[in-house]
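Engineer: Sequence:
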Amino acid sequence: MHDDLSPLCSRFLEAADLLGRRWTGVILRILMDGPCRFGELTERIGTISERVLSERLKDLEAEGILERHVDPGPPIRSEYRLTEKGQAFWKVIDELGKWAERWVDVKATRAAPRKRKSA
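If you count by UniProt numbering, then the sequence shown holds residues 1 to 119, one letter each, in order.
Be aware that one or more of the hints could be misleading.
[What the hints assert, rightly or not] Simulated pairs of lysine-lysine, DSSO-like, Cα-Cα distance not exceeding 30 angstroms: (1) K85 to K107; (2) K91 to K107; (3) K85 to K98; (4) K98 to K58; (5) K91 to K58.
[As the list claims (entries may be wrong)] Across the chosen pairs, the derived CB separations fall in these ranges: (6) K98 to V70: 22 to 30 angstroms; (7) W99 to G73: 36 to 44 angstroms; (8) I76 to S6: 26 to 34 angstroms; (9) P7 to P75: 24 to 32 angstroms.
In case anyone wonders, no lab produced these hints; they're calculated from the structure.
Fair warning: this is a prediction, and the values are worked out from it, not measured in the lab.
Even glycine gets a Cβ: it sits at the ideal position worked out from N, Cα and C.
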């Protein structure tokens, strides 16, 4: 993807691309507190669709940042937790949070969460 760049710069761009994907930082921040089931993640994030959450979780699992643990139940439950590689994001996520607290102005008129369609 970035063949003409130095190895350091290419690695930085790949990491920034991964972390910059919508919802990835939020997912990582939530999982920093400990393992969560899919429904818990959906509830805590609030405005993410189940399809997008599933895609992000699969991306992060493929990158070795989180792992999915399946409890055969009954009922069958899937839980997501950070790997050692995922835990290594702690300092980055923590510093991003500190930066946001100082510099990001959250508008009082944020969009309300979308309602889910009933089946």
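Engineer: Has the hinted range 36 to 44 angstroms been met by the Cβ atoms of W99 and G73?
Structural biologist: With Cβ atoms ~41 angstroms apart, the hint holds.
Engineer: Below or equal to 30 angstroms on CA atoms is what counts here, so check K85 against K98.
Structural biologist: 22 angstroms, holds
Engineer: Is K91 close enough to K58, meaning Cα to Cα at most 30 angstroms?
Structural biologist: Holds - the C-alpha atoms of K58 and K91 are around 23 angstroms apart, at most 30 angstroms.
Engineer: At the C-beta level, are P7 and P75 separated by a distance inside 24 to 32 angstroms?
Structural biologist: Distance hint for P7, P75 is violated at roughly 47 angstroms.
Engineer: Is the straight-line distance between the alpha-carbon of K91 and that of K107 30 angstroms or less?
Structural biologist: Given pair K91, K107 holds - Cα atoms ~26 angstroms apart, limit 30 angstroms.
Engineer: 26 to 34 angstroms was suggested as the range; check whether the CB atoms of I76 and S6 agree with it.
Structural biologist: At roughly 46 angstroms between Cβ atoms, S6 and I76 fall outside 26 to 34 angstroms, so the hint is violated.
Engineer: Tell me if the straight-line CA distance from K98 to K58 falls inside 30 angstroms.
Structural biologist: With Cα atoms ~28 angstroms apart, K98 and K58 stay inside 30 angstroms; holds.
Engineer: Should the hint that K98 and V70 are 22 to 30 angstroms apart at their CB atoms be regarded as holding?
Structural biologist: 35 angstroms, violated
Engineer: Straight-line Cα separation of K85 and K107 no greater than 30 angstroms?
Structural biologist: 34 angstroms, violated
The earlier numbered hints that this structure contradicts are 1, 6, 8, 9.
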